[in-house]
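Protein chains in written order, with this note's numbering: chain A, 14 to 316; chain B, 14 to 316.
The hints are simulated quantities; they were obtained by calculation from the structure and are not laboratory data. Among the hints, a few may not be true.
A pair holds if it fits inside one copy or across any two, identical chains being indistinguishable in the list.
Said to hold, decoys possible - List of simulated lysine to any residue pairs, SDA-like, C-alpha gap at most 25 Å:
hint, residue 1, residue 2
1, K202, Q270
2, K163, W207
3, K297, G89
4, K314, R69
5, K314, R277
6, K59, I95
7, K314, R74
8, K297, P316
9, K314, W72
10, K88, K163
11, K122, W207
12, K314, P71
13, K127, D78
14, K127, Q79
15, K127, G291
16, K314, E180
17, K314, L214
18, K297, I276
Letter by letter, the chains look like this.
2 protein chains.
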Amino acid sequence: MALAQEQQTSLLDERKDTASTWFKTLRDQICTAFETLEDELSGGNKADMEAARFERTPWNRADTDQPNESGSVLKGGGEMSIMRGRVFEKVGVNISTVYGTFSEEFADKIPGAKDSGGVFWASGISLVAHMQSPLVPAVHMNTRMIATSKNWFGGGADLTPMFPDEEDTKAFHGAFKACCDRHNPSYYKEHKDWCDRYFFLPHRDEPRGVGGIFYDYLDTGDWDADFAYTQDVGQTFRDIYPEIVRRSMNEEWTEEQREHQLIRRGRYVEYNLLYDRGTQFGLKTGGNTEAILMSLPPEVKWP
Amino acid sequence: MALAQEQQTSLLDERKDTASTWFKTLRDQICTAFETLEDELSGGNKADMEAARFERTPWNRADTDQPNESGSVLKGGGEMSIMRGRVFEKVGVNISTVYGTFSEEFADKIPGAKDSGGVFWASGISLVAHMQSPLVPAVHMNTRMIATSKNWFGGGADLTPMFPDEEDTKAFHGAFKACCDRHNPSYYKEHKDWCDRYFFLPHRDEPRGVGGIFYDYLDTGDWDADFAYTQDVGQTFRDIYPEIVRRSMNEEWTEEQREHQLIRRGRYVEYNLLYDRGTQFGLKTGGNTEAILMSLPPEVKWP
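The whole structure should be built from the sequences, with the hints applied where relevant.
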C-alpha cells in the first residue's frame, strides 16, 4: 500500500515535469514564430521600425512557508517574455510553475483543495498579444496543469479582432475545430460554447471577441490523452495565429481605425480586471503582478 | 401605531427628497466652478483650445418589476454630466436616484437589506476628473444616501497627483480636516484612515494617491447632523479642488511628464475595476454602465 502510494506520487511528479517542460518548449516555439513575423513585415504603417525581439525576465518567489498578504503560501517562479515590436505592439508570453498552500478562503473555490489541505501545484503558459495594426486581431492563449488532491488541465485561445473579418474568424475556428476533433468529437462544441460564455462582458452585453475554445477541469481519467489535447491546443495556436497575422499585417491603416482599436482595447482591460479568473487567481494568491498584468494593452482610450 | 409608522415613512420620504435635491444642487455648483476654470486658463500646453462646457445626458431605467440579468430590480434614473476640455481632459459628474430590490446574493452584503426584503433606495453624486496637465492632480468625490430597513450616508474625496506636491496635499487635507472638525473632532482621523485603507492597491502595494477622507454607514441617530456633514464634504470639495487646479494649470509640461501621467492613470483603472465598491455595486446591480465607467481615464498606457 505504501509502495503503491509512492509510485503514484512519483508518477504525478513525472507528469508535472513533463507538462512544465512542454509549456517551456511551446513558449520557445511561439516566440520564434512571432519573431519571424517581426522579420517578415514589409508594409503597413510601421515597416520603418526595426524588427523586435523578445526580452526574457525570470522571477522567483521567496522560498518561505510564511503566508503572503493574501494568506496563501506561494513558491516557485517563472519567466516573462515580452516583445514591443513593429507587428506586435506589446506581446507577453509567460510561463510559470508555482506551488504552495492556498488560504482557506481560496481553497474553498478550487476543486480538491480542501482535501489537499490547500496544497497546490500549478504550471502553465499564458499569452496575450496586442498588435500595432488595428486590422490584425488581438489574441489570448493559455494552457495549464493544476494539481491539488485532484489534477487537471485547462486552457484555450480566443481571438479579438477590432474589425471582425470573416476569413480570420473562419480560419481560427476551423483550426481549433480540427484540433478538438482529433481528440474527442464533442470537444469543439463544448469548448467553443464555454469560451462564448466565459469571454463575455455582462455590463456591456458584448462578447469579448469572436471566441475560440475554453476548457477547464479536464480530467477524463486518461492523463496522456488530456495532455495530448492540451499540447495540440498550444500547437494549433502556434500555427494558426501567425497565418492570421500575415493575412493583414502589411496593409495600411487609418487614424480612425487606430482610434477604434484604442477604444476596443478598453473592453479588453475591463474584461481582464473585472472578470478574468486567471487575473483574479493570480492577484489574490499574491502572484507576480508584473507578469499577470502584462496582458494589459500598451495604449487605451475611454474617450 | 399605524399613524406613527405613517409619520415615520413620510419623514423618511422627506429626507430622501432633501438629500437628492441637495446632490443636484451640488452638481450644479461644481459644474459651474469647473466651467469657470475652463474659462480662466491662460497658460500651459492647451490654452489654444476652446474653453469647454458640460454636456448633460439624463437616463432612466425601465419602470419594471422584472429582475435584470443581475437578479436585482432597479428603477429610477439619473443624469450624467461630462466635459472634455482644455483644463479637464475628461470629467464626469453623475447624479442618480435609484430604487428597487436587490438580488438575494447582493442583499446579504448590504446593511438592513435582509430585513427590508432586499428593498433599497440610493441617491448620490459621483465625480472623477482626469486633467490635461500632468501637474494637476486627478480627483474623485462622491457622497450618497442609502436606505434599506436602515438608512445612512457615505462618501468622501481623494486626490491623485501624478507628481505629488506638498502644497497641494496640505491644502486638500487641511480643507477636509477643517470640514470634519466642524462636525465631530474624531471624524478627520477616522475618515482619513478609512480613506488610506480603502484607496490602496494591494497588488501594487501602493496607495492610489495622497488620500483624503472616506466614510460609510454614517448613522449617528441624528439625521440632520449626518446630512449637514455630508453637505459640508461636498462644499469643501467644491471650494478646495478648484484652488488646487488654479495653482498649476497654467504651467507648461513636458512629454515625459505626460507619459508618466498616462502610466499613473493605469493604476486608477486597476483600482476602479479591481476594487472600487461603487463600480462593483453599480455593475453588479445592473446599473448604467456608461455612467459607472465614466470614471475611466480618456487615455492610458501600460507600456
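Evaluation of the provided hints:
no.	hint	in the structure
1	K202 - Q270	neither (33 Å within a copy, 50 Å between copies)
2	K163 - W207	within (22 Å within a copy, 41 Å between copies)
3	K297 - G89	within (16 Å within a copy, 35 Å between copies)
4	K314 - R69	between (28 Å within a copy, 21 Å between copies)
5	K314 - R277	both (8 Å within a copy, 14 Å between copies)
6	K59 - I95	within (19 Å within a copy, 35 Å between copies)
7	K314 - R74	neither (34 Å within a copy, 27 Å between copies)
8	K297 - P316	between (30 Å within a copy, 23 Å between copies)
9	K314 - W72	between (31 Å within a copy, 23 Å between copies)
10	K88 - K163	within (19 Å within a copy, 46 Å between copies)
11	K122 - W207	within (19 Å within a copy, 29 Å between copies)
12	K314 - P71	between (31 Å within a copy, 24 Å between copies)
13	K127 - D78	within (19 Å within a copy, 41 Å between copies)
14	K127 - Q79	within (20 Å within a copy, 38 Å between copies)
15	K127 - G291	within (20 Å within a copy, 33 Å between copies)
16	K314 - E180	neither (28 Å within a copy, 31 Å between copies)
17	K314 - L214	both (18 Å within a copy, 22 Å between copies)
18	K297 - I276	between (28 Å within a copy, 23 Å between copies)
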